[in-house]
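> Here's the letter readout for the chains.
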Amino acid sequence: MTAHLTISQAGPAMSLQDLGRPGYRAQGLTIGGAADTTAIHEGAALLGQSTSHAAIEMAGQGGSFTASADMRIALTGAEMAASVDGETLVWNASHLLPAGATLQLGGTRNGTYGYLHVGGGFATPTVMGSRASHLAGGIGGLLNAGDILPIGPDKGTEVAVTLPKGDRFGGGKLRFVASMQTASFSEDSFDRFTQTAFRRDARANRMGIRMDFDGEGFNTAGQLSIVSEVVVPGDIQISGDGAPYVLMFECQTTGGYPRIGSVLPCDLPRAAQAQTGAPLTFEFLEMDAAVAVQNRYLADLKSLKSRVTPLVRDPARIRDLLSYQLISGVVSASTNPFEKGQKP
Amino acid sequence: MTDWPQIRTVGLSGILVTFAAAMNEPANRAALALRAAIDTQDWPEVTETSTSLVSTFLAVDLATTPVEAMEERLEDILKSRDWLAAPLPQGRTLWHVPTLYGTDLAPQLEEAAQVAGVDPDAAIKELSTSRVRVLTIGFAPGQPYMGELSETWNIPRQTGLTKSVPPGALIIAIKQLIIFTNAAPTGWRHIGQTAFKNFRPDQPNPFSLSPGDELVFPSIDRATFDKLGASDTNGGASSEVLT
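Going down the list, the protein sequences come from chains D and V.
Taken in order, the first sequence gives residues 1 to 344; the numbers are from our numbering.
Taken in order, the second sequence gives residues 345 to 587; the numbers are from our numbering.
Accuracy of the hints is not assured; some may be wrong.
[Said to hold, decoys possible] Subject to a maximum C-alpha distance of 20 Å in a straight line, what follows is the list of computed DMTMM-like cross-link-like pairs (lysine to aspartate or glutamate):
1. Lys305/D - Asp154/D
2. Lys173/D - Glu87/D
3. Lys173/D - Asp147/D
4. Lys541/V - Asp570/V
5. Lys507/V - Asp154/D
6. Lys302/D - Asp405/V
Bear in mind the hints are in silico, worked out from the structure with no lab data behind them.
Since this is a predicted model, take the numbers as computed values, not measurements.
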């Protein structure tokens, strides 16, 4: 019998996401996948498994999940109130979810997207090589209460490990490079763009994020009539009303609005996680500097596993303290450590 | 001396070769031919390729691949032949897609005809016999931009947006037609309704159309349209091999 996770209560925008479905751009389908790709890498590092596994992405609000068997879980992305049968769980860490226990995840506190990973990954059928729901493209859909998700075989055993909390929450600086139509913007418009204090607009989803701001828009000089052209995630599109949109992984493959630049892939998780109203600014980088910054990020992702540390539990917060074996591993002064057969 | 083709970077995600400032036939064929040529080269740095109306896109991770070397190789390929004289790709298909023009299911046929300066019957007669080609696939999965229609149909987008047209909607603007993949808002006019599906993710070949395919949209009545949903084929469409 395959282990499974039952969703007994679902937030309004939960879906299965992995690192997306590359290779179909020519046929009009963008890569899609998790809005915060860093979180997918963190989940994989915490559970000691491949980054190819899908996780449950939860926008704004979590849900309740019941395990059919003992399973390992990891919680990453925007922090949510998390508990198992009333006991609080630490975020950005892995835990054991015992058979029959119910995991409760509340609203996001410091960002937009929280992620629930399981050891072995979700074993739902793949569509065109991925388990990610592409909501705009019509693949898969939102998760609902009553859904039962099968879990793959888990080769790992380690739980109660954690990663340092990322600094990508609450908005901040998004670094970008020039793109196709950057030169079509006047110097004044471009400078004003890099100096403007933006706020993440409420109009935002997995396709793109609108930037709210005070003052006039950032239209190109004259009425630019550009031919509809390729769009990539990160592109900063200036829409008809002069407001910038940062396009995300579920954007269309082509678009007719001018792009003032393109946000570096390493800063897209920060764009995704900014909550409504969070402050955002744009910093222009020359190509060489951008390449260096992006490569540092890629190296950081690779080293995530080496930064996983055991979770130090605060005894004051453990409700059933007495049921824990607290002296395991402590060297005794009175026993002979070389004596075999001693029970721990 | 010419400004075209242009080679430009697209963020850190790839390189774009553009053959013209606006849609035209030779530039569209050039983009398709260059894509085919680059696919044949099988460069390890290129993770995927695609075309838009007049451009070829190479997905390349520019964080790990020096852009200058890629651009040099591209320039060599561009110099190797006259891309604007390239023929259409091989392996193309001609589709006949039954279409209900006008009625409450496609409520902007009359408006489009009026803007084009023809009466609705003449509009249906021309549109239902025009053969158009898939210029590019984009925006939504498998969604074709088809053209070019006669100059009569060089009509602008409407100023407002239609809140939503359904999947299979046939919409028109600027001498082009689109069959919509998913329900979505649009600035183009909804002149016909088909039961054709551009994208069937549960099928072995999920995408129905490829750039270079040609289509005709013969007119059918409401009773025939209502029976299409039950047919085994893709919205009653039939196809034949072109090349």
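> Compare the structure with each hint and give your call.
Now the hints, each set against the structure:
1. The suggested pairing of Lys305/D with Asp154/D holds, with an alpha-carbon distance near 18 Å, which does not exceed 20 Å.
2. Distance check on the hinted pair: Lys173/D and Glu87/D sit about 36 Å apart at the alpha-carbon level, beyond 20 Å; violated.
3. In summary, the hint linking Lys173/D to Asp147/D is not supported, as the alpha carbons are separated by about 38 Å, beyond the 20 Å threshold.
4. Using a Cα cut-off of 20 Å, the hinted pair Lys541/V and Asp570/V holds, with the two alpha carbons roughly 16 Å apart.
5. With a C-alpha separation of about 46 Å, the suggested pairing of Lys507/V with Asp154/D is violated against the 20 Å cut-off.
6. At roughly 17 Å between alpha-carbon atoms, Lys302/D and Asp405/V fall within 20 Å of each other, so this suggested pair holds.
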